[in-house]
Amino acid sequence: MRVGVITFPGTLDDVDAARAVKYADGEAVPLWHADHDLKGVDAVIVPGGFSYGDYLRAGAIARFAPVMREVVDAAAKGMPVLGICNGFQVLCEAHLLPGALTRNDKLHFVCRDQWLRVENTETAWTSRYERGAEILVPLKSGEGGYQADADTLAELEGEGRVVFRYVGGNPNGSRNDIAGITSANGRVVGLMPHPEHAIDALTGPTDDGLGLFLSLLDAVVSA
Amino acid sequence: MARVVVDVMPKPEILDPQGQAVANALPRLGFDGIASVRQGKHFELEVADDVDDAALAKIAESFLANPVIEDWVVRRIDA
Amino acid sequence: MARVVVDVMPKPEILDPQGQAVANALPRLGFDGIASVRQGKHFELEVADDVDDAALAKIAESFLANPVIEDWVVRRIDA
Amino acid sequence: MTTDTVKNAENTPDQEQPYKELGLKDDEYARIREILGRRPTDAELAMYSVMWSEHCSYKSSKVHLKYFSETTTDEMRAKMLAGIGENAGVVDIGDGWAITFKAESHNHPSYVEPYQGAATGVGGIVRDILAMGARPLAVMDPLRFGPADAPDTRRVLPGIVAGVGGYGNCLGLPNIGGEVVFDATYAGNPLVNALCVGAMRVEDLHLAHASGTGNKIILYGARTGLDGIGGVSVLASETFDDTAGKRKKLPSVQVGDPFTEKVLIECSLELFREKLVVGIQDLGGAGLSCATSELASAGDGGMRVYLDRVPLRAAGMTPAEVLSSESQERMCAVVRPEDVDAFMAVCAKWDVIATEIGEVTEGDRLVITWHDEVVVDVPPRTVAHEGPVYHRPIERPADQDELRANTPDALPRPARDELLDLVKTMAASPNLASKRWVTQQYDRYVRGGTVLAQPSDSGMIRIDESTNRGVALSTDCNGRYTRLDPYAGAQLALAEAYRNVATSGATPVAVTNCLNFGSPEDPGVMWQFEQAVKGLADGCVALGIPVTGGNVSFYNQTGATAILPTPVVGVLGVIDDVRRRIPTGVGAEAGETLLLLGE
Ligand SMILES: Nc1ncnc2c1ncn2[C@@H]1O[C@H](COP(=O)(O)OP(=O)(O)O)[C@@H](O)[C@H]1O
Chain A
1 MRVGVITFPG TLDDVDAARA VKYADGEAVP LWHADHDLKG VDAVIVPGGF
51 SYGDYLRAGA IARFAPVMRE VVDAAAKGMP VLGICNGFQV LCEAHLLPGA
101 LTRNDKLHFV CRDQWLRVEN TETAWTSRYE RGAEILVPLK SGEGGYQADA
151 DTLAELEGEG RVVFRYVGGN PNGSRNDIAG ITSANGRVVG LMPHPEHAID
201 ALTGPTDDGL GLFLSLLDAV VSA
Chain B
1001 MARVVVDVMP KPEILDPQGQ AVANALPRLG FDGIASVRQG KHFELEVADD
1051 VDDAALAKIA ESFLANPVIE DWVVRRIDA
Chain C
2001 MARVVVDVMP KPEILDPQGQ AVANALPRLG FDGIASVRQG KHFELEVADD
2051 VDDAALAKIA ESFLANPVIE DWVVRRIDA
Chain D
3001 MTTDTVKNAE NTPDQEQPYK ELGLKDDEYA RIREILGRRP TDAELAMYSV
3051 MWSEHCSYKS SKVHLKYFSE TTTDEMRAKM LAGIGENAGV VDIGDGWAIT
3101 FKAESHNHPS YVEPYQGAAT GVGGIVRDIL AMGARPLAVM DPLRFGPADA
3151 PDTRRVLPGI VAGVGGYGNC LGLPNIGGEV VFDATYAGNP LVNALCVGAM
3201 RVEDLHLAHA SGTGNKIILY GARTGLDGIG GVSVLASETF DDTAGKRKKL
3251 PSVQVGDPFT EKVLIECSLE LFREKLVVGI QDLGGAGLSC ATSELASAGD
3301 GGMRVYLDRV PLRAAGMTPA EVLSSESQER MCAVVRPEDV DAFMAVCAKW
3351 DVIATEIGEV TEGDRLVITW HDEVVVDVPP RTVAHEGPVY HRPIERPADQ
3401 DELRANTPDA LPRPARDELL DLVKTMAASP NLASKRWVTQ QYDRYVRGGT
3451 VLAQPSDSGM IRIDESTNRG VALSTDCNGR YTRLDPYAGA QLALAEAYRN
3501 VATSGATPVA VTNCLNFGSP EDPGVMWQFE QAVKGLADGC VALGIPVTGG
3551 NVSFYNQTGA TAILPTPVVG VLGVIDDVRR RIPTGVGAEA GETLLLLGE
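Chains as they are written, first to last, in the working numbering: chain A, 1 to 223; chain B, 1001 to 1079; chain C, 2001 to 2079; chain D, 3001 to 3599.
Think of the hints as simulated: they come from the structure by calculation, not from any bench. Every residue, glycine too, gets a C-beta built ideally from N, C-alpha and C. Errors might be hidden in some of the hints.
[As the list claims (entries may be wrong)] Once the Cα atoms are required to be at most 25 Å apart in a straight line, the calculated DMTMM-like pairs of lysine to aspartate or glutamate come out as:
id : chain 1 : residue 1 : chain 2 : residue 2
1  : C       : 2058      : C       : 2032
2  : D       : 3062      : D       : 3530
3  : B       : 1058      : B       : 1070
4  : D       : 3066      : D       : 3010
5  : A       : 106       : D       : 3149
6  : B       : 1011      : C       : 2007
7  : C       : 2058      : C       : 2013
8  : D       : 3435      : A       : 105
9  : B       : 1011      : C       : 2078
10 : D       : 3059      : D       : 3028
11 : B       : 1058      : A       : 149
12 : D       : 3275      : D       : 3092
13 : B       : 1041      : C       : 2078
14 : D       : 3020      : D       : 3054
15 : B       : 1058      : A       : 70
16 : B       : 1011      : C       : 2032
17 : D       : 3062      : D       : 3521
18 : A       : 106       : B       : 1007
19 : B       : 1058      : C       : 2071
20 : C       : 2058      : D       : 3395
21 : C       : 2041      : A       : 143
22 : B       : 1011      : B       : 1049
23 : B       : 1058      : C       : 2070
24 : C       : 2041      : B       : 1070
25 : D       : 3066      : D       : 3086
26 : B       : 1041      : C       : 2032
[Said to hold, decoys possible] Example chain B residues on the side facing chain A (calculated, C-beta under 10 Å, incomplete):
id : residue
27 : 1013
28 : 1014
29 : 1016
30 : 1017
31 : 1028
32 : 1034
33 : 1063
34 : 1064
35 : 1066
36 : 1069
[Stated by the list, open to error] Covered by chain D, per the in silico footprint, the following chain C stretches (three or more residues, Cβ under 8 Å):
id : stretch
37 : 2025–2031
38 : 2066–2072
Input sequences plus hints: build the corresponding full structure.
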């Protein structure tokens, strides 16, 4: 399994995403924002950080990077794509996922260990979880409030496309406590919390996040 | 060179925690009579004379604002 | 009720990393002819009719803007 | 507009110069004239005045800080690869790894503009660590504020915390600890100390020097603007009549751009990896004045700088302003001529502006030109290292005895049934309450190496993923104890940080400090300072670990009232396997036995 991990100027969690891929026995392939091809990878992770400083809006500048054009094309053909935190923001800006992420309702950056409920286990990134399972992973963001218009929210809920929901307190004002969503075909997933920081109890609160990367292994092998 | 202003505001139906925080703080600071506050972004651009209104609209819509959550207004300023 | 707009901008001599990031990105996105961009904040207030200009100036100076690094302009908008 | 050149200075020896407004004393100005054999140019005056300031020259503290080196034994020095005098101390932690760490203060700027002051404080210390050739790995932020319920604390505290977090989070540096302490003496003078720790392979240690005639000086990073040159603008008044009034009002506030710094870090690390750098210096306080004079005086030749090549952000800047600008996110490298193209290519990859602004020359002068005219011609050591040295008067404060006589013995003992209330009062007091409101705004997870962070006694990061070797860090200081007895107070700070590191499972190996005090012109403050330095140094000898560096911040006072003497001490420890860390806390399992060690 070869998984591309994109680095934009200002990306921070690319090393963590690559490490998580390795923990799941995959090979992490570095992709540079200016690349015009995906080097034959089986899946792509858009990691967290502050691409281009998050100036203007988080993800607004990154979505125009050459490598994102390739990601959009590949996603259309069904390649699994995971956006974590800033990566989620980039995927929304690139219209691979609906809605937008806005400033936290309390206006502060929040770093905390956050409980999430896994609500959809049919995606390329969540098949290893049990439906309704609660997992503990770090959340660290200043613009994590998920917003979408009423129709979009109804569609996401109706189609079961809310993948992760905050439990034990909504940390940022997200509509419907949404922490992560998926595309209509279940191949593209974006979430604000950081599963790649929860792969080893030595450096994270748990290893609950490993499930996403192991799920991908199944998705790629069975494809 | 022309001067252009673009104002970008959260859509009315979108939560605006920043504006709300300002509105809540004002009475505490002794300023009364402010019924509501909304906060957005203000851009000032210097553009070449051959940049037409269509191009400016495009820049605002596809880049400066996120139409999912924001409205925007483009104005040319007379020098 | 009156509508009031306050625009807050980084002072000209102060670094504006946000505006610079936007300006740098535009040519990459295929938009040419934008010589400079500065980014600030835009506030829209609804105020009671008895709030006078002096009070608005005070609000802008002491709260909406940080006079150490920012300039500001207050405008009343005709409804 | 005419530029004040060396030739002009020679021809106009009697021209009045605003040296007093720039903070120079009569005898200091006379000494500059003696060194140069003429009056300084505006640009030279700007350079000397910032470099001879208390902040840059350590003129009041130098004679005392010597005591750290004098008391450091060879045994203590054994693991030290760089010590006091370098940008930051460096220690060998085994397996070929070297750790560099240092703390610095950004107190006054954070009072003027809390967010940007704190943000640029973090930015500055991170560049110090980078300039040693290391990858910055984590930050810590010992903070002091006025009373938690004071109105100004509401302005200062949220801004400072947001600034530390905003900048550090955006750089991808986990925040692994710090302090939040409230006391009335900090009300008009909060303390923002920032510590950064970095790691490198021992052979990659880069020291700041400009050796090798013909080597090029390359300035890279952000453009240079009017940031932080408030003081020097008095020089502009003579040449810039109509704008002078405006310039004078320039605030000495710098605005940080963490994104540019993040890119600068990755770009610099790639330059080091490709071995394209002979020497390097960060640009912090005193900007190019500091970088050029320090690089030149640490090298084996002279240096020539074409100042008009510096990329500017503002129009009409004078040479003095360019030299004094404190624009952030800039570095200065010494590069072999044959490596310049490769150097530029790496910078282009990262979209970092890089400009060849000069070269190392034969001889021993630092010569700076502005459009082909010489505006600076000085022996660089006289700017960087041979500033004034003061033996300030020292006197034990008159109220010291009275203060010490006022012991807890005079206080009523709480009755048994009052104890619970007392405990509750204590737990709810700002100095003992949870610091989560602050620490929750800091990313402690980024880059996946954080093994311990808040609320642990010390922060711990893994340095090597293959061996699990790591380091632990703690900073501490109790200003109230130090006020009562500066000698013992500094030792208590050291002992507490040492214990915090030891209890996490690491072996303490080195010490840094950030010594925050009132005005050195107050003999009582100088006594506190002298005592604290002695106490800390003697304590280090007793524990057998060296002070590898530090920072002094004087003039922390509001009117005549000095802050509590606050010698913040940071202790670094090594642990050969971070999996054996000891987390803080008791009661994780039923049946644990509590043991009290010591008296
Ligand atoms: N400004 C700060 N930045 C980061 N961490 C902090 C800060 N202040 C306190 N902490 C962390 O919070 C925890 C608790 O702090 P504190 O209550 O001061 O503990 P202690 O009294 O044991 O030193 C420690 O892990 C400390 O490092």
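Violating hint indices (sorted, rising): Result: hints 1, 4, 16, 19, 20, 22, 23, 31, 32 and 37 break, sorted rising.
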